[in-house]
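Trainee: The lines below spell out each chain.
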Amino acid sequence: MLVLEDVNASYGSVVALWGVSIRVEEGEMVGLIGANGAGKTTVLSTIAGVLRPARGTITFGGESIVGESPEDIVRKGIALVPEGRRIFPGLTVEENLRLGAATRSDRLGIQQGIDEMYQRFPILGERLHSSGGTLSGGEQQQLAIARALMCRPKLLMLDEPSLGLAPKLVGDVFDLVAELQDTGVTILLVEQNVAKTLQIVDRAYLMRTGRIVAEGPAYELREAVDIKSAYLGAE
Amino acid sequence: MNSRVAQLLGRLPWAENALMLIVPLLAVAVAIDLYDNLMLKRILIGMFINLVLVVGLQLFTGNSGLVSFGHISFMAIGAYASVLLIMSPAKKVYTLPDLTGPLSQIEMPFIPGILLAAAFTAVIAAFIGWPLMRLSGSAATMATFALLIITHVILINAATYTRGTRTMYGLENYTTLWMSAFWAVLIIITGFVFRESRVGLMLRASREQQEAASVMGVNIVIVRWVAWVVSAFICALGGALWAHFMMVISPYTMYMHTTFLTVAMLIVGGTGSVSGAVAGTIAITGLFEALRAMEIRISAFRIAGQTAAGFTEVWLGVAMILLVVLRPMGLTMGQEIRLPARLRGRLEARTPKSEG
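Chain order of the listed sequences is X and B. If you count by our numbering, then the first sequence holds residues 1 to 235, one letter each, in order. If you count by our numbering, then the second sequence holds residues 1001 to 1356, one letter each, in order.
Hints are not guaranteed to be accurate.
As the list claims (entries may be wrong) - Not the full set, but computed from the structure, chain X residues with beta-carbon under 8 Å of chain B:
# : residue
1 : Phe88
2 : Glu95
3 : Gly100
4 : Thr103
No lab work stands behind these hints, which were simulated from the structure alone. Think of the CB as a built atom: it goes at the ideal place given N, C-alpha and C, for glycine as much as any other residue.
Go ahead and model the full structure; you've got the sequences and the hints to work with.
Mentor: The structure is reproduced here in structure tokens:
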């Protein structure tokens, strides 16, 4: 479904990705793990069209998406839940959800989508007219995910959904992500929480300093001895 | 009737805010029309025209978060364009003797004339805005300021159409109290409708989290541009109304001073809401007129042995500094004005539940 081949990307003169190749098949949940600064977020930004790759190809459903604008990539069915949630604090819960459907124009479908989200995330339905900034961290994460689902994505990319949440809520978020896969959406999950991620994903890629250093089914990576060292950034 | 009002409030959540602004404004207009005091009438007409300008400015600044010092150039273009379209050919012979071609012959009725002038201004704004809306923050603000200066210089030098530095005279007084009230009310409603619209929502999102809005699929340049063009149209309307209220205009009367005053009205009231634009306009107009009345009296009595030239400006400046220090978010703190809680409770009890 999504194929990155030999992708290099850089911020100005600083190269952040070196020859990154990733495949995500339809219906899969794939993890992208590694320490802080390994380049995981950069991979997502590059797929989302925020950053343009300096080299390599990115195809989605067999079509190249390199050089497309972020909104065209959303239209093609790739949604991103950005790091730190990035909900719109001054807008109401409902307005946040309506924005998730910014690329859609079917008024009725959007309303239906909002109702669906209220069923799946009842807490959001209760706080319909509250501004997003008044929600708790866990609620904001639910809102960020619901907002991304509003564009009916084929591929959902989550960037550190457990970051900054209370330990009890971290488990809830992973449960939620696991449930999402059951609804048929393909997921690319970026996480620092390696142990929890490898419990729910099908396959994973391990990144270190801008490179993919290991890949394989979750159970294999779980057993790989050097995960801990990669995670801690040690050689 | 109450239940019908309640239904309307349920469907259009902003209707309550709009009514809270419009009803008192119209009540004041009726009172002053009945009282029939020429000076009060003129103050009120001036305030209604400022409402058009400031709400027009709020539509752009409030939703996009970009401060513009350039909107008074749209007011000026709208004012001059409306004069060219509306003034009779017989008068143009005297005021604009160098004018030739269809512009020297055209004579449009007032309302179509000001609408066409505003549309013309909006087209100009569309061209200018296309590159300008790619800028952000202080770079955007400086660019709009440059636009104000460029427009001013062009108006001064296009003497064939504007009489240059000389005053343009011979305008008819079309902007009556009710004409200005009508447009002020219409523009206030427009401000709410725009904010709640799809484009308005996207624009507010991009103001709060630019990158997040972008990955949601919001094209920031386009939504900003739409707001820019709509607000230019509104400010041009304000300029056209103002021209046919003052009956004399010159490029100097629609320049720095007006820019400062309208931006101050918006900031004092609070850029974040339409209510803020309205509250700021009322507050600054009231303050300005009160200070001016005092200045005239002080001058008349020669208190301290001299006239009080500059009194209004100095104290207006002091008052603005105080307001901004004490309420940095503006008088309305970015909120809309709502019904008093008791009345709201009574109405909501009658609202048929639509959700669930």
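Trainee: Quick one: which hint numbers does this structure break? Sort them smallest to largest.
Mentor: none
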